[in-house]
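Undergrad: Single-letter residue listing:
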Amino acid sequence: MKKTTITAVSLFALAIAAALVAQDRIVIGIEKPGGKGSMAVPDFRGAAEAQAQMGVFNQVLWDELDGSGLFRMVPKTSYPLNVPQRPEDWMSEDSRQPANSRPSTGAAAQATRELGRRLRDWSGPPVNATYSPIGYTAVQGGRLVLYGWLYNVGQPDASGAQVLGKVYNSTLDEAGARDVARQFAADILKTFGATSLNGSKVVFVSTRSGSKEIWMMDYDGSNQKPVTSYKSISTTPAVAPDGSKVAFTSFLRNRPEILVHSLLTGRRLPFYNQDASMNATPSFTPDGSEILFSSTAGGGYAQIYICSADGRNLRRITSVRAVEVEPKVNPKNRSEVVFVSGRSGPQQLYKMNIEGTDIVRLTTGEGEASNPAWHPEGQHIAFAWTKGFEPGNFNIFVMDVASRRVEQLTHGAGRNENPTWAPDGKHIVFSRRVGRTQQLYSMLADGSQVKQLTTQGENTMPVWSK
Amino acid sequence: MGLDKIASRTHSSVVVLALALSLFAVGCKKKTPPPAPPPPPPPVVTPKAAPTPARPTVSSFTAEPSAIERGQASTLRWSVSGETSGISIEPAIGSVNASGSRQVFPGNTTTYTLTVTGPGGTATSTATVNVTAPPPPPPVRQPSKKSLSEILSSDVQDALFDYDQSTIREDARAVLTRNADVLKAALADNPVSAIVVEGHADERGSAEYNLGLADRRATAAKEFLVQLGVPADRLKPVSYGKERPQCTDSSEGCWQKNRRAHFSAGQ
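Here the protein sequences line up with chains A and B, keeping their order. Throughout the first sequence, residue numbering follows our numbering, covering 3 to 468 in sequence. Throughout the second sequence, residue numbering follows our numbering, covering 623 to 889 in sequence.
For reference, chain A alone in the conformation it holds in the complex (with noise of 0.2 angstroms):
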């Protein structure tokens, strides 16, 4: 599409432009909320019984496309009374309704019945808006059908300004309502380049039956159900670029060893533990093919190391009189390890290839940091950090790791800690203590939109996967 390939380039364009602008900003990529212009979202209508899911429908369009961040949501209230359904409602700029059009009635009453008609109802005041969604569902044989259309209402036109037009059909409840609210979603974000979130998944650790268990959940919070149930203490998640499987530190045995479960099975898969006080804080490599974590297996400090998927073919990285946790590889370029150290003092993010070698300090040596997590693209990490803090009190931040900068995200509100990405790259769940109690959030990358995730027990360590 002609139209799209435009669209993007000079989007692209923009996002560099927006980058440049914002030089002592950290350079991330992610655009404010509202980078891609303003949406309108009208009610969608459901023929018959189809009505009865569309409360849902129309808050999970909602939600879903607010969420993304990359529009300024336009309040439903300034929307005409008048709302097209499908392309053919659209009235052209000068066309006239010939046959009800009556002397008498005046041009302004014509005009106030025909309002929301014409795309320049939509795309001037008050409503302001550069896109919006229209459409309805049907009930046909049996299943919830949706016919979606997104229209760039700045054009002067209605025939060049649609943008998306698709079909989509689930079941006939509020799940299918869900779903198909949540298909057309992400095919409005992929126009605009953005990565679905849907179908994506957030392990976690909590402690809601009575002990702390590998949890799952959908993205947004809903769905959430146990991974293991050992009855000891299950912590640290990772979970396999593929999103097949989790590995996680377990005191099962009485020591903190590194158990690998199947996500696909919920079964647990072979691994074989070093003869060690303690094998913890795994993490798979890109490929899945191998763990990096840290263990004593040499004696003294723990080290990282690093193992194929079993547990077999170990190999030392790191070699050094400090306490050293959580590897991570860098997702586009498997050389380059972010990992924690306390090999100056407090502990600090390191940089290092995978060999070990080229070991350089990320963060300045104020405060304690941890929990390094790759961005999706590679250039960046999230991590919780206390600078600017007493020990203990941690905020999220992002660093551009080739420049070292840094931009803070959360700003003392609690103890946040675990930040994790998105595959959009553009959202971070993390967990946030306030006074007892630790529960996750979500948010967009410029601290934005958080959202409160889980209410039930403690939860905490959430890792997006697939």
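These are computed hints drawn from the structure, not numbers from a lab. Be a bit skeptical, because a hint or two may be false.
Stated by the list, open to error - In the DSBU-like style, the derived pairs of lysine-lysine whose C-alpha atoms are separated by at most 30 angstroms in a straight line are: (1) A:389 to B:879; (2) A:353 to B:864; (3) B:864 to A:203; (4) A:389 to B:864; (5) A:233 to B:864; (6) A:453 to A:247; (7) B:864 to A:227; (8) A:233 to B:858; (9) B:879 to A:233; (10) B:864 to A:247; (11) A:353 to A:334; (12) B:767 to B:806; (13) A:453 to B:864; (14) A:389 to A:353.
Let chain A serve as the given structure and place chain B on it in line with the hints.
TA: Chain B in isolation, oriented as in the chain A frame:
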């Protein structure tokens, strides 16, 4: 219902016994003329010619008290009348005199049977002693020998650490030196046991880093004890990071309690 069935469990049963005895006297003792009712015509000659010897009778047979706790005594009392050739009480007592008493210490509920034999026949009577189990005694205490867990909880102290440090402080040296003697003795007395040296951290550092830090504390405490002669293969360092805090307040007092090496019994 008969005489042989006299139980002497309660007072009222003694009354029943007396009543029954009198009935017996009325119904059986043909030699004694009945007092009140008009006598029936005597059955002619036979009694006079060869008088049948009287059947022996049990006048009384009681156990007092009839219910005891195991280990306590009950007293059997009995008396028999009539012509007898043998009197015995079973079980466990055997031949006895015509009247008497005997203390018994049955271990379980026991029914004693008094058997009287004579030329006129046999009579028996029973008395039951119900035995209940007393409350169990306190568990046997091994004089002066504590279990390993008891020693670890009462005689062995935690070694405390500075924030983000695993070096053995001056106060921890003193604690561990005292611990070393106790542990050596305890391990010698418990040859198959091992001791877990748990490392713990306070809540402030990250959970991941604290796993490594607490591991260091456990290992440092172990190494110090080994230098003092505690066998290395009996000490197992385990890091709990900040997963098992002793207290959960956010105060230095609480944090200090959690920055520790703690000793517990292993397998």
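Undergrad: Now tell me, hint by hint, if it's right for this structure.
TA: To see whether the hints hold, each was checked on the structure:
no.: 1; hint: A:389 to B:879; result: holds (26 angstroms)
no.: 2; hint: A:353 to B:864; result: holds (26 angstroms)
no.: 3; hint: B:864 to A:203; result: holds (27 angstroms)
no.: 4; hint: A:389 to B:864; result: holds (21 angstroms)
no.: 5; hint: A:233 to B:864; result: holds (17 angstroms)
no.: 6; hint: A:453 to A:247; result: holds (27 angstroms)
no.: 7; hint: B:864 to A:227; result: holds (25 angstroms)
no.: 8; hint: A:233 to B:858; result: holds (23 angstroms)
no.: 9; hint: B:879 to A:233; result: holds (26 angstroms)
no.: 10; hint: B:864 to A:247; result: holds (26 angstroms)
no.: 11; hint: A:353 to A:334; result: holds (15 angstroms)
no.: 12; hint: B:767 to B:806; result: holds (15 angstroms)
no.: 13; hint: A:453 to B:864; result: holds (27 angstroms)
no.: 14; hint: A:389 to A:353; result: holds (19 angstroms)
Hint violations for this structure: none, all hints satisfied.
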